[in-house]
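Protein chains: 2
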Amino acid sequence: MQSENGTTLETYLAERKALIDAALERFLPKAEDGPEIIHQAVRHSLFAGGKRLRPILCVAAAEAVGGDGQEFISCACALEMIHTYSLIHDDLPAMDNDDYRRGMPTSHRVFGEGIAILAGDALLTEAFHLLSCPEFTRDDNTEKRLQVINLIARAAGTAGMVGGQVMDLQGEGKTVALETLEDMHRRKTGAMLAVSVVSGAILAGATAAQTAVLSRYGQDIGLAFQIADDILNVTGDSALMGKGTGSDLSRGKTTFPALMGLEVSRNRLAELVERAAAHLAGFDHRAEPLRQIARYIMERNR
Amino acid sequence: MQSENGTTLETYLAERKALIDAALERFLPKAEDGPEIIHQAVRHSLFAGGKRLRPILCVAAAEAVGGDGQEFISCACALEMIHTYSLIHDDLPAMDNDDYRRGMPTSHRVFGEGIAILAGDALLTEAFHLLSCPEFTRDDNTEKRLQVINLIARAAGTAGMVGGQVMDLQGEGKTVALETLEDMHRRKTGAMLAVSVVSGAILAGATAAQTAVLSRYGQDIGLAFQIADDILNVTGDSALMGKGTGSDLSRGKTTFPALMGLEVSRNRLAELVERAAAHLAGFDHRAEPLRQIARYIMERNR
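Chains as they are written, first to last, in the numbering used here: chain A, 51 to 352; chain U, 51 to 352.
Just so you know, the hints here were simulated from the structure itself, not pulled from any lab data. Worth double-checking, as some hints may not be accurate.
The list treats identical chains as interchangeable, and a pair is accepted whether it falls inside one copy or across any two copies.
[Stated by the list, open to error] Within a straight-line C-alpha distance of at most 30 angstroms, the following computed DSS-like cross-link-like pairs (lysine-lysine) qualify: (1) Lys224 / Lys67; (2) Lys194 / Lys80; (3) Lys80 / Lys224; (4) Lys80 / Lys101; (5) Lys224 / Lys194; (6) Lys67 / Lys101; (7) Lys194 / Lys67; (8) Lys67 / Lys80; (9) Lys194 / Lys101.
Let the hints inform the model, and build the full structure from the sequences given.
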């Protein structure tokens, strides 16, 4: 896939991922700041080969409104820390009870449940520490920083990710209606993806109209991402997923293909990706990575 | 106990507790914002009869430097939310495995482990949402708000409370040295008590010198509080504690009385309380509640 300025999406993603990984290394709490094992546990999950989709969306949104993505990389890293905390807690025996993620043993399998819970707690806490660090707050952006902290906390809380995970837990072993399934995913995945885009845009000086449109883009790719994941869970191979194919089905979780069939799920996915790209119609070439990321979500499972 | 202006400490604590409880009701996420069970779980632990020591310290410190404590009650409530999250996670089977706290069944006993973990996650997240709410940030205090968020996140993270809980987990079944025991409690309890005092002071416009002195006061009463707790654990009755007396010993945790004996522990407690009060020598009568709280910590187990 080739963008207007000649960079492929693969190159863009790889370059941004390298910048984010280097920044995460810099921003992690120093080893002397706490017991060694908690730092090992935090690093085990944070550097387990994630795609860095949320921080890349944050940086790409800052760039789409004319900002320098690098300038807001601390916010991007905080979003990845929150995502990683949610994976560690979701994998726990009391939740999804997953032994592997991306082919690596999960935190509680390596460090025990107690340390895994605390590693998640540490990452969530550290994210807000990073978001409020004085070195990233200038005189002219303290208000925007507070706004971004507020929006991220809301997206991560009961109205968003935590609420979605509660619905996920409660839905196990039941067939839930399409509306409930979409609501669950909108909270569990969509809210954090949308706020990733929104926070980068706000910090880079987006107008309220731009922010609103980018939020809708984020919500649409969030739901698209989840449908694509469900399709992969049925059709993909387990090496690609890093966990057993069909694992959601075996835990009695409702999936989009189970409710609508594969064909309708694929059509819905295509529609969402189309609509996500359409939200960006008012942006220039600097939004090209965001447009390509939307298409990439659909194409990775072909 | 009678203060200069004629209010007893009991009256002061009861009045401030009532204000804080009412504010917590106001600040909690609305029920329509997420699945009902998570709100039930959050409320079960948040309204389980806590003393509200951390929020009262925040309010009392704001008053000690001449501020209106009520004005900063959102920060006080956020501190209580973080404290409650830590209790829910500490009680989990993978941590202390406590079935009761203050005579009430713990979160995971009522709602199951998955929801208990998520209730803790929700409270930690909601605390940062509350701290960054636009309604509590005025044009002239966004910088102070960010500073307070940063200090609270640091006190709650691996350098503070999470780090202390890791040390606590690792110390089970071992006798640890006095230095390690103090370091553990300094992180696990002291850091959050100190930041409770400091955040109220900063928001109310304390000077750097006042903030530094109040931080030392908070650290000293934090350690005093823990020694008093250890003494109660040996000598107190279980009705007062709401859990079985001697429960730390039975889990093979090192306590101050076990390391130093009861008499030396009591002397150390008295010294710390004396020193905490001495830090406040430069403050006027408005610091009287803080002085009395220090003494109260020592006297509650006589």
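Hints versus structure:
| no. | hint | verdict |
| --- | --- | --- |
| 1 | Lys224 / Lys67 | neither (38 angstroms within a copy, 43 angstroms between copies) |
| 2 | Lys194 / Lys80 | both (27 angstroms within a copy, 25 angstroms between copies) |
| 3 | Lys80 / Lys224 | between (44 angstroms within a copy, 26 angstroms between copies) |
| 4 | Lys80 / Lys101 | within (24 angstroms within a copy, 34 angstroms between copies) |
| 5 | Lys224 / Lys194 | neither (42 angstroms within a copy, 48 angstroms between copies) |
| 6 | Lys67 / Lys101 | within (7 angstroms within a copy, 47 angstroms between copies) |
| 7 | Lys194 / Lys67 | within (25 angstroms within a copy, 33 angstroms between copies) |
| 8 | Lys67 / Lys80 | within (22 angstroms within a copy, 37 angstroms between copies) |
| 9 | Lys194 / Lys101 | within (27 angstroms within a copy, 35 angstroms between copies) |
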